[in-house]
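*Asks:* For the sequence shown, position 59 matches number 59 in the working numbering, and the numbering has no gaps at all.
Watch out, some of these pointers could steer you wrong.
[What the hints assert, rightly or not] PhoX-like mimics (lysine-lysine), calculated; alpha carbons at most 20 Å apart, straight line:
1) K175 to K165
2) K12 to K175
3) K12 to K36
[Claimed, not checked] Label pairs and their calculated CB-CB ranges:
4) G134 to N34: 22 to 28 Å
5) A143 to D99: 30 to 36 Å
6) A163 to T118: 17 to 23 Å
7) I90 to G134: 36 to 42 Å
8) A145 to I185: 19 to 25 Å
9) I164 to K12: 40 to 46 Å
10) V133 to Q179: 19 to 25 Å
11) G96 to I185: 47 to 53 Å
12) I144 to L97: 33 to 39 Å
13) S128 to Q179: 25 to 31 Å
14) W156 to N68: 47 to 53 Å
15) E24 to L183: 28 to 34 Å
16) E24 to T118: 28 to 34 Å
17) A163 to Y129: 37 to 43 Å
For the record, the hints were derived by calculation from the structure and aren't laboratory data. Ideal Cβ positions, reconstructed from N, Cα and C, are used throughout, including at glycine.
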Amino acid sequence: MTRFHHKAHAEKQSREMFVEATLEATGSVDNGFNLKDSEALYLGYFSSDMFEHQGHTSAMMADALGINPIPATRVEAACASSGAAVNMGIMAIASGLYDVVLVGGVEKMRTLGTGEVTDTLAMAADVSYEAAVGFTFPGLYAAIAAAHFHRYGSTWEQLADIAIKNHDNGKLNPKAQYQQSILEIANK
């Protein structure tokens, strides 16, 4: 895994980050893992076309790892892209199609300005319903939170507890994007 921080990767392409993370992961397997044993690659990457102006990224990742020719599939499912790629890898093994698959995910969103990133992420919304009425993802999540509060009686304090927990966990992870507690950020 590479560090989740834009300054750590300003000059790197997603391909370089994926190779770095893959080599670190394969090196950490107790009994070793040879990338050449990979029979397929499933890559979670929402929008390489927009963020890096690069399509066909899964095959390029396989090539950069030196594991071509194998089937290489980019999985695009918005924020769930990497999770969906893991699911596809599990199904490929469970079905007997493959014995060994490589699954990973990458996203480099700092190549565009804020407006362009917002527009790109908005492409994952339903154009007919959500985008047509001006919903952005922050607005959509706010509406979902409000509905949850109404339906289940949850509170802003409970929602804030999730952010506090996530930041506290981030402090323990040297590769986390945010490595400060909420209090540390608030006291700056």
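*Asks:* Look at the Cβ atoms of E24 and T118 and judge whether their distance stays inside 28 to 34 Å.
*Replies:* holds, 32 Å
*Asks:* Between A143 and D99, does the beta-carbon spacing fit 30 to 36 Å?
*Replies:* violated, 44 Å
*Asks:* Between A163 and T118, does the beta-carbon spacing fit 17 to 23 Å?
*Replies:* Because 21 Å falls inside the window, the suggested range holds.
*Asks:* CB of G134 to CB of N34, is that within 22 to 28 Å?
*Replies:* violated, 51 Å
*Asks:* Do the beta carbons of G96 and I185 sit within 47 to 53 Å of each other?
*Replies:* holds, 49 Å
*Asks:* At the C-beta level, are I90 and G134 separated by a distance inside 36 to 42 Å?
*Replies:* holds, 38 Å
*Asks:* Hint says 47 to 53 Å; check whether the CB-CB distance for W156 and N68 agrees.
*Replies:* holds, 50 Å
*Asks:* CB of I164 to CB of K12, is that within 40 to 46 Å?
*Replies:* violated, 31 Å
*Asks:* Can the suggested window of 19 to 25 Å be confirmed for the beta-carbon pair V133 and Q179?
*Replies:* Taking Cβ atoms as reference, V133 and Q179 lie about 37 Å apart, which means the hint is violated.
*Asks:* Check the hint pairing K175 with K165 against an upper bound of 20 Å on the C-alpha distance.
*Replies:* holds, 16 Å
*Asks:* Is the gap between the beta carbons of I144 and L97 within 33 to 39 Å?
*Replies:* Holds - the Cβ-Cβ distance for I144 and L97, about 36 Å, lies within 33 to 39 Å.
*Asks:* Has the hinted range 25 to 31 Å been met by the Cβ atoms of S128 and Q179?
*Replies:* Distance hint for S128, Q179 is violated at roughly 40 Å.
Of the numbered hints stated above, those contradicted by the structure are hints 3, 4, 5, 9, 10, 13, 17, listed in ascending order.
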